[in-house]
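Engineer: Just need the whole structure built from these sequences, with the hints factored in.
There are 2 protein chains.
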Amino acid sequence: MEYAKPAEIERESMAIIDRELRARGTAVPPEREAVVRRVIHTTADFEYAQTLRFTENAVERGRDALRGGVIVTDTNMALAGVSRAAASRLGCEAVCYMADEEVAAEAKRRGVTRAVISMERALREHPGAILAVGNAPTALLRIADAIEDGARPALVIGVPVGFVNVVESKERALAVCEDCGVPAIVAMGRKGGSTVAAAICNALLYAAAGLLDPAARG
Amino acid sequence: MEYAKPAEIERESMAIIDRELRARGTAVPPEREAVVRRVIHTTADFEYAQTLRFTENAVERGRDALRGGVIVTDTNMALAGVSRAAASRLGCEAVCYMADEEVAAEAKRRGVTRAVISMERALREHPGAILAVGNAPTALLRIADAIEDGARPALVIGVPVGFVNVVESKERALAVCEDCGVPAIVAMGRKGGSTVAAAICNALLYAAAGLLDPAARG
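From first to last, the protein sequence lines stand for chains F and Z.
If you read the first sequence in the working numbering, its first letter stands for residue 1234, the second for the next number, and so on.
If you read the second sequence in the working numbering, its first letter stands for residue 1234, the second for the next number, and so on.
Treat the hints with care, since some could be wrong.
Identical copies carry no separate label here, and so any pair may be met within one copy or between two of them.
Derived EDC-like pairs (lysine to aspartate or glutamate); straight-line CA-CA distance at most 20 Å [said to hold, decoys possible]:
id	residue 1	residue 2
1	K1424	E1404
2	K1424	E1401
3	K1424	D1278
4	K1341	D1412
5	K1341	E1241
6	K1424	E1245
7	K1341	E1266
8	K1424	E1243
9	K1424	E1280
10	K1341	E1243
11	K1341	E1401
12	K1341	D1297
Just so you know, the hints here were simulated from the structure itself, not pulled from any lab data.
Note that the structure is predicted; figures quoted are calculated from it, not measured.
Structural biologist: Now the structure itself:
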C-alpha cells in the first residue's frame, strides 16, 4: 500500500477537477479559477462552480487586502483551516472571536448569536478586514447591516451553510455588497461551511503570497 | 433585522431536514438518525443520507467508547469542530497530532503524509480510540492496514474528501472493518471533510452525554 505525498495528491486532484469542469462545459473566468478550483477540491462538490458569485474584481481586491491585512472568521474551525504559512508570508493576521468570553457574555445579554457580536467586534477593531463567514447567517446579516450603515470591509466571504436564513442572508449580503461597492465572494444556496470559507481564504492567500497552486506547478 | 438564537435556528433546521428526508422517502434507521441528521445539518447535502454506511451497531459501540475515551482526528480543523463541552462531560479527550514536529519530521524522512504518521501514533498511544479521518485518504488506508495487522480501534470514522485515492480508501476501510468486526461509519464516494468528521463525533458525543439533539428538545 502506497501512501503518496500530499503535494502529488493535490496536483493530481486539481488536474482531475480541471478535466471535469471542462467535461461539464463549465467556463470559469481565469481570475476566479483558483478560488473555484480550491473550493471544489475541499468539498468534491462541483455545484460550487455554479453557485459561487463574485462581485467585480473581488478576487483581485481581496488578494491585495491580504498583505499586512487581517482575516476574521466566524468559526474556530475556519480559522484552523486558514494556511498560517501563507498568511505569515504576507504579514497577514487571522483571528476568530467566537471563543472570547466577553463576546459570549454580550451575546447572552443581548439575546443574539456570538457570531453577531464577533462580527461587530471585527468591524470595530479591524474596519478594513477580510470577513469570512462559513457558518452563521446571522454574522453575514450583521455585516450587511453594517455595510449599509457605512462599514467598508476589504472583502466579504459569505459561505454560511444551513437551512434557516442562510439562502436569504447570502442574497442580501451580495446585493448590499454590490450596491455599496464592497468586494464579495458568496456561495448562493444552502451549501457552504467552515472548510469552504477557509478554502477561499487559502486560494487568495496562495495567490497573494506567490505560492503557486499545486496544479499550476505541474 | 432579527438575529435569532442558535438553539432556535438549529431546532428549526433539524425539523426541515426531517421533513425533507421524509419527502424524499429516505428511511434512516432510528439509531443512525442523529448522525445522518447532523451531517446533513453541517453540509446541507442530502446525498449523505445515501452515502453514509454503518457497520452493525457502529453508533452504539462508538457512543459507548466515548466515555473516558479518546478521539483522534486527522486535522486540526476537525479537532476544532469537536464539541469540547460534550467531550468534557464524558471525560473524553480529543487530540490531533498533525501539528506535531516529530510527526512532520518522521513523515518527511519516510516520504509519507503527516496524516499517516499521526494515525500510527494514535494507534500506538491510544489503541482503543475513536479515529476520525476527515481529510487524508492515506490516514484511512494506514488504519485499514493496521486493523488487518490486528489493531482494534473503538470506531473508525472514515470521511476523507477528494479525488485521489479517496473512494478506494473508504471502500477498503469499510471492508476491512466489516471483516475484522471494527465499528465504522464511512461516507462512500468523494465527499466528506473535516466538518463531516466533526459532525459525526458530535452526534455521538451529544447522544452519549445525554445532551438531546436540539430537534428532539423542541
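Engineer: So, for every hint listed, does it hold in this structure?
Structural biologist: Structure-based check of each hint:
For the identical chains of this complex, K1424 and E1404 are intra-copy neighbours only, at 13 Å inside a copy versus 26 Å across copies, given an alpha-carbon limit of 20 Å. Taking CA atoms no more than 20 Å apart as the test, K1424 paired with E1401 passes inside one copy only; the shortest distance there is 12 Å, against 26 Å between copies. Taking the shortest alpha-carbon separations for K1424 and D1278, both the intra-copy value of 10 Å and the inter-copy value of 7 Å come in at or below 20 Å. Neither within a single protomer nor between protomers do K1341 and D1412 lie at most 20 Å apart by alpha-carbon distance, with minima of 33 Å and 50 Å respectively.
Taking the shortest alpha-carbon separations for K1341 and E1241, only the inter-copy value of 14 Å comes in at or below 20 Å, while the best intra-copy value is 47 Å. Proximity of K1424 to E1245 under the C-alpha cut-off of 20 Å is restricted to the inter-copy arrangement: shortest distance 17 Å between copies versus 25 Å within a copy. In this assembly of identical chains, the alpha carbons of K1341 and E1266 never lie at most 20 Å apart, being 41 Å within a copy and 31 Å across copies at closest. For a Cα distance limit of 20 Å, the shortest separation of K1424 from E1243 across copies, 15 Å, qualifies, whereas the shortest one inside one copy, 23 Å, does not.
In this homomeric assembly, K1424 and E1280 come within 20 Å of each other (Cα to Cα) both inside a single copy, at 9 Å, and across copies, at 12 Å. In the homo-oligomer, the alpha carbons of K1341 and E1243 lie at most 20 Å apart only across protomers (17 Å), although the nearest pairing inside one protomer, at 43 Å, exceeds that limit. Taking the closest pair of Cα atoms, K1341 and E1401 never come within 20 Å of each other, the shortest separation being 24 Å inside a single copy and 46 Å across copies. Proximity of K1341 and D1297 under a CA criterion of 20 Å is satisfied in neither setting, with 36 Å inside one chain copy and 33 Å between copies.
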